[in-house]
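S.K.: Residue numbers (the UniProt record's numbering), protein chains in the order written: chain A, 1 to 229; chain B, 1 to 229; chain C, 1 to 229; chain D, 1 to 229.
Everything labelled a hint here was simulated from the structure, so no lab data went into it. Any given hint could turn out to be false.
Which residues of chain B face chain C? A partial, calculated answer using Cβ under 10 Å [to be verified]:
| hint | residue |
| --- | --- |
| 1 | Asn123 |
| 2 | Gln125 |
| 3 | Glu191 |
| 4 | Cys197 |
| 5 | Glu198 |
| 6 | Asp201 |
| 7 | Asp205 |
Dumping the calculated DSSO-like pairs for lysine-lysine here, alpha-carbon to alpha-carbon at most 30 Å [as the list claims (entries may be wrong)]:
| hint | chain 1 | residue 1 | chain 2 | residue 2 |
| --- | --- | --- | --- | --- |
| 8 | B | Lys140 | C | Lys140 |
| 9 | D | Lys76 | C | Lys37 |
| 10 | A | Lys76 | D | Lys37 |
| 11 | D | Lys115 | C | Lys115 |
| 12 | D | Lys140 | A | Lys76 |
| 13 | C | Lys76 | B | Lys94 |
| 14 | D | Lys94 | A | Lys76 |
| 15 | A | Lys128 | B | Lys94 |
| 16 | D | Lys80 | C | Lys132 |
| 17 | A | Lys128 | B | Lys115 |
| 18 | D | Lys80 | C | Lys140 |
| 19 | B | Lys165 | A | Lys128 |
| 20 | B | Lys132 | C | Lys80 |
| 21 | C | Lys94 | D | Lys76 |
| 22 | B | Lys37 | A | Lys128 |
| 23 | D | Lys140 | A | Lys80 |
| 24 | C | Lys76 | B | Lys37 |
| 25 | A | Lys140 | B | Lys165 |
| 26 | A | Lys80 | D | Lys132 |
| 27 | B | Lys140 | C | Lys80 |
| 28 | C | Lys140 | D | Lys76 |
| 29 | B | Lys132 | C | Lys76 |
| 30 | B | Lys76 | A | Lys128 |
| 31 | A | Lys115 | B | Lys115 |
| 32 | A | Lys94 | B | Lys76 |
| 33 | A | Lys140 | B | Lys76 |
| 34 | A | Lys165 | D | Lys80 |
The beta carbon of each residue, even a glycine, is placed where N, CA and C say it ideally should be.
For reference, the chains in residue letters:
Protein chains: 4
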Amino acid sequence: MNPDFPSDHPRNIIPELCRLYYSQGWMPGSGGSLSIKYGQEVYITPSGVQKERIQPEDLFVQTVDGEDISVPQTTKGLRKSQCSPVFLNIYRLKAPGAVFHLHSKSAVLATLLTKENTVHLSNLQMIKGIRKWSTGGYHKFTDDVVIPVIDNTHTEDGLIDGMVKAMNDYPDTCIVLVRGHGIYAWGQTWEQAKLVCESYDYLFDVMLQVQAAGVREVHGGVLDSGGST
Amino acid sequence: MNPDFPSDHPRNIIPELCRLYYSQGWMPGSGGSLSIKYGQEVYITPSGVQKERIQPEDLFVQTVDGEDISVPQTTKGLRKSQCSPVFLNIYRLKAPGAVFHLHSKSAVLATLLTKENTVHLSNLQMIKGIRKWSTGGYHKFTDDVVIPVIDNTHTEDGLIDGMVKAMNDYPDTCIVLVRGHGIYAWGQTWEQAKLVCESYDYLFDVMLQVQAAGVREVHGGVLDSGGST
Amino acid sequence: MNPDFPSDHPRNIIPELCRLYYSQGWMPGSGGSLSIKYGQEVYITPSGVQKERIQPEDLFVQTVDGEDISVPQTTKGLRKSQCSPVFLNIYRLKAPGAVFHLHSKSAVLATLLTKENTVHLSNLQMIKGIRKWSTGGYHKFTDDVVIPVIDNTHTEDGLIDGMVKAMNDYPDTCIVLVRGHGIYAWGQTWEQAKLVCESYDYLFDVMLQVQAAGVREVHGGVLDSGGST
Amino acid sequence: MNPDFPSDHPRNIIPELCRLYYSQGWMPGSGGSLSIKYGQEVYITPSGVQKERIQPEDLFVQTVDGEDISVPQTTKGLRKSQCSPVFLNIYRLKAPGAVFHLHSKSAVLATLLTKENTVHLSNLQMIKGIRKWSTGGYHKFTDDVVIPVIDNTHTEDGLIDGMVKAMNDYPDTCIVLVRGHGIYAWGQTWEQAKLVCESYDYLFDVMLQVQAAGVREVHGGVLDSGGST
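Excised from the complex, chain A in its bound form (with noise of 0.2 Å):
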């Protein structure tokens, strides 16, 4: 923790949830990014590095117009994450606290079984925790949940526009799956942000797993990713 900003400041909760993410397996590689907005400053981790080594100084302030507000030293060599456009988009489109990305392998292996642009869920208590979007309120546990889910692009700004439909098509949803990459999520603050990515993470994983024991229809509800193969 830096002490010359509060403990809840983003340049020390981006750095302490990277390390955490890592540890989880939602980071490996240099793979996914975090941002929180804080007044009208857009924290963004730096692209291509190890996320669990991110300090303080090296993350890039900009404005959610895209304006740089502050850059890391040049010595670092650190270059804008690519999921910077992908991040401001939501900024402008939703107004949320905090968007991460994360490369969730319950989240990718949800995607790759099914040729659906959706994924359902229902019939389980950690639905309950998920704030309705647009609408307000939250699910009851009973709720057919719908998660959209676009297919990948060869550049991270090659996703907005099918992220801008998702989202318009899906107004409630906090989430939106990149297929064989990994989720998009946000929440009114970092705190939300990270409840909706480790709610999603184990529902999916649930989801996966009742899948696999070949069960698809538990109480009459749906458990099920739309048309999987």
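Using the hints provided, position chains B, C and D relative to the given structure of chain A.
M.R.: Quick look at chains B, C and D alone, frame taken from chain A:
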């Protein structure tokens, strides 16, 4: 650890166990809740917060009848656990020293892979560590241990009726499974409740892996969730 | 670490290994037990306690013939491990420097997925790290390594007869599996016993995953538990 | 960390990575070995010891031609890694900055579930982080990435011929799989070698889980180990 309290005081033990259970995946998102009885005081974790960040001063303290003895500073904005009425009901009926509610994945999977209201375990050594609550003594490893499963409800306190029935029907159990949700488990002490949770998580995981391998009869014993689909 | 003892003294090594093995899931609940011989003294963990919280002063010290050399302070209320007679029997028959009893899940699963009294391993590099106990030297990776499995009994000391027979029938083994229960493993030193436990846990897990994928013959070798159902 | 050396010196980095890789299950028993080139010096872990306990002063230092520059104190009784000739051969042929040998379970499983001498990966974002060694540049996520598999041999240096052939046949690879054994992987720097190991471990695990679910064609791409049985 807060040095104002003994090392085994609930204000020290509960935050420590929350960090442990978060790292084991039993308290993802803001899921799960812990309670320990200390004299006539029941210490309970707050609701809807990251459990691994709970501090000694964040706990609610109540009598077993639900009267407040002490609450966190209002500036912290913490809310009572929705599990509180379920916990207190178990304290009144069973007089344990600790009651834990956890989202153990193997327990949740065990409830999803059967339509019955029980899960059976047998021929596993870890059964022997689990005390029969009412009649006393310990199980033999060859016993047919029957664990009640109740259906989930839209509110935590909605679980109480099902849980009372399960405890009446299976007086020796120290754990009740809630379908698609998690476990409620208790012990004479927090150490015993911890042992029960770890033992069952291990047992359910072994059971599920044996089932996944297609083996349902193991040396003449029952190693199967009742009427699994 | 207790600075009154050298860093490699059993009073320091055993608590450290207990914390490690707890974190690896090999000592859930209060399961498993460790022993190390130091000169003529055998140090053994106490029974029925959380192994990851054991302190240097909590160990029982006995001769290989079972006479007490030192016991924990009675105020601690600790009991001798039920594994003690099994451990001492192995010390007398095999003269190892350490004997460990662990509830490794992959070992337990390996015993549950066969009705035979042996598990076979071959064509895996990790076999090479394991010393042949009686005839000396190390295995080739192409060897057919045969690991004895004995049936569980209601008391730990009931295991002794089966274990003696297994050790006689398979003089080169440094591990005996107990069905639905766990492993007893030994080494010339605690480092060797640790290596044996880690290697076999890894090997059983690989074997089970290969079996789960439906592959039973791997490049002409035997990678199969004998007569699995 | 040994303060006599810079924090990024091999004498500090190698022990740190050994502890990390042990905790990830890639260095069980005494398995695996790491090397980093620092100027003209190649630092290599010793053989047959617990890798997570290696100290800065325990490393062997050699030229790429195998001449000793520095060895640990003889009182420590350490032996050179059997991987040394394999490492040095890769340093001479590929001129990397680091070569790691790890027993990654998902890599070992990938080699056991095919009889072919290649594993294929495609349609996964993590492919993009891996540099093409000879022709330069990075893979597209839609590329058909081909990873060579060589058969195991009774000694580590027996692997050299197969590895040379694999490197000639697949000049862009920065990893060679050894059947039933593990990986050899390299990078321009230790950070790159680490990225390669983490990325492939993740990729093989995803590939195996997709295969286990019975899906072999994912959106027209190849996500399959060549001629798996």
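S.K.: Which hints, by number, does the structure contradict?
M.R.: 8, 34
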